[in-house]
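Protein chains in written order, with my numbering: chain F, 1 to 103; chain A, 1 to 356.
Warning: the hint list may mix true and false statements.
[Stated by the list, open to error] In silico EDC-like pairs for lysine to aspartate or glutamate, Cα to Cα no more than 16 angstroms straight-line:
| # | chain 1 | residue 1 | chain 2 | residue 2 |
| --- | --- | --- | --- | --- |
| 1 | A | 80 | F | 17 |
| 2 | A | 326 | A | 354 |
| 3 | A | 80 | F | 27 |
| 4 | A | 50 | A | 40 |
| 5 | F | 13 | A | 40 |
[To be verified] From the structure, some residues in chain A lie toward chain F, with a derived Cβ separation under 7 angstroms:
| # | residue |
| --- | --- |
| 6 | 17 |
| 7 | 18 |
| 8 | 21 |
| 9 | 29 |
| 10 | 69 |
| 11 | 76 |
| 12 | 329 |
[Said to hold, decoys possible] From the derived model, a few chain F residues whose C-beta atoms are all more than 10 angstroms from chain A:
| # | residue |
| --- | --- |
| 13 | 49 |
| 14 | 61 |
| 15 | 80 |
| 16 | 81 |
| 17 | 88 |
| 18 | 92 |
Quick caveat, the hints were computed from the structure, so don't treat them as lab data. Glycine included, C-beta positions come from ideal geometry on N, C-alpha and C.
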Amino acid sequence: MHSPAPEAAALFKPHPEQTFFPDPALDRAMGVVMALATEVYVLRDRLFALERLLAESGTFDRARLDAAPTPEEAAASAADRDAFVNGLLSSVLALQASKGATS
Amino acid sequence: MTTFNSPRRIDPRSFAAAQSFITGVKIYWHKDLFGTLRSEYEHRVDVSGKAPQTVDDVEKIVAGMTTYRYYGWFERHMQKFKYAGRYGLIPWHQQERERLEKELAQKPIAPLELDPQLEMPRYYVNCDIHQHPGGVWSDPVAGFVYERASSTTTPLAGELHADMHERFTRLLEENCPAPQRVLDMGCGFGKSTGPIAAHFPQAQVDAVDLAAPVLEVAARRTKNVRFRQMDATRTDYPDGHFDLVTSTMLLHEMPPPVIEKTLAEAARVLHPGGKMVHLDFHNLRDPFARFIHYTHGRRNNEPFMEPLAEMDIAALLGKLGFKNVKIEPFAEAEGVLSPEFRAWRFPWTTITAERV
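Just chain A, same shape as in the assembly (with noise of 0.2 angstroms):
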């Protein structure tokens, strides 16, 4: 029997309402919070009259204010009760197991092809993004918890975010109108692979992956994608197999030199004319905005997101044979980039591109 007192078991109702306190506390903090911490940084800017130039100056002014410490609290610590609190998606998604792995057992309703043999790289175990006690690879049932815990990631999704994958979409199609074939990479649970292959379906949509259990849960919610487990540093696609590479919040998650391999190989997957188009974070348009996402970064436990944006994209595109290069601020909601939208919002930038 269920007994709510029980100490080990955690009731469903009693999951959803600590869930939705969390996400409540969120949505509290992107507007709130960061609303307040913006106008007093703006205040301390102009009483002083000089403008910060570099994330440093941000940091010696906000650094002592205590409107930041909480902010900075509640950013780590909601996201570490919304994994690992007592109502946490780890203690839930523990307790479900048996549940969870009766529905893997299910034939998925696309292609999957697992590659049990791909070794992890070190950098992608060595840190658990997101604060998900051991990341989206290491547990058969961590593509359910981080599918839980991305329906939440952006917590004002309800009122501004609901089509911004309507708009990602609609950015790939004016780049290449009628791709024949179509690599995502990284595609994990399938959420932006899902809408790509209703978008364009003609396309062959191919989608890879490092982790075996996000691609589980991927090829039981989206049909017409072949999902594989693969490192999208080292396809086995031909040269010149495909239209159009993309990704999606894919390159923050990795360091440097394996994004430079991954760009690298959707040029040799591309064939000339070719595009790639990427959704991912670099644009930020002052130093405040820069603070603020490096510092998220270390509290969200994403350490690629700083080395990220500080990389010239362009440059690095320029040499590996791509022409046309455009980086631009990507708005997933309208309104999102005017100066009076004053809530926290992720940097979303797109990096389009044309094989050479």
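The following block holds chain F by itself, in its conformation from the complex (with noise of 0.2 angstroms):
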């Protein structure tokens, strides 16, 4: 073989990265969004994989996780819905945390 994978490694010196928005900020974060719905993807695909072979094995009755809440569960994961929420949207009030120069 020509040269092994290291040396083609070192060989590497990354260039700044192309960019398409207007402000590069958007390019990269839309890097993380794709990166994170990736990951979405394969939890997702995960998850079905598992429910799939519990369901082959018997260990659960698919119809039971498919089924629309009672309204007991519901009304019990209204305030965990409620806590996700909260920590999702927190950074859009733009507020600090803890006291300290603004800018």
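Combine the two chains into a complex, taking the hints into account.
Put into structure tokens, the structure is as follows:
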């Protein structure tokens, strides 16, 4: 072989990535979004595979899992939902959590 | 033990799921994003009442369009994720190296001649074509990476391109019905060489490529071909040795002086009346198609797509000793040349000529 992988790696000096948006911050944020989307899809795929294996082995009843939540279940999960939303969106308000300079 | 949460290990299911997701995004890009971009562009041209004449004219229209920004971003970055993301082809093949090297230790099913002294040309090593880190030449397992990558290069393949190689071999047969000796230049991992050898079972098919890693894979996939590591611009075949010289998707990966040398070498090794057929990207039907192709070359690390499309190939072939030159659009599937076909596609073109 002409040159092993480590030599090729040594040849590589990263160049700045191409940009497409007026503010390159959006280029970078899009990369984060798509990396997260990939992880979500990987998890979703794995969850479906797990459910299939468990249903096949008789460990659980898929129809019960797929059923819409009962009013009791929905009420019980509402608090969890609210906490999730608060955690997700708290940055939107742009308020400091500790006292300090503002810029 | 393989654990799902290990930060270092990619399990095969997660790799397949991530690559499938990336392919899904690319399909969306091919159809919906490109279709929307084209419609928005056409609308702007209609409103302006002035038909763009040049690539620069098109660029002025689309450069500031938000849809174009996303179109460019997704073209560049989904390819980057495909190769170099957390679930990319490179980390996956690095992880699988031991298994793949064992496969390479098995005897090939076709004759394989490697030339460890062959120097890789500078243009070839200076740019990682297709955004494949390290290219196809530098790592022993790079042939497997390329093979896997090319299975989703044209993600509409399942729907549209399934019979592309069949269509290409049919075209070869129309030009050269019963070749005895065939040379396939820049054969890669043998994706097109295999169908050629299968279509002409009576022929001795030779196939050359610069990169040992891809030849290593080719010689384990395809029988009845002699795979040789060699620079297509200077092979060791005698003058007039071949009835048919072919290449698929080779010329656009070379700068114009190398294209000229390659075509001159094809002229040398063909006997008078011998045929040459290249499948590549050349004819572009309007400035928008040209703009899309040139910017694809930039975003996919293929710097010679634009120069090839700008070359006067017919004049060059005349100078090199060819006649009956035909440069024609190639339909890789039914209906793709129709104006109603709205998805992104490569500007497939066949270049056929006869040795004087």
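Checking each numbered hint in turn, tell me which of them this model violates, lowest number first. Failing hints, ascending: 5, 9, 12 and 13.
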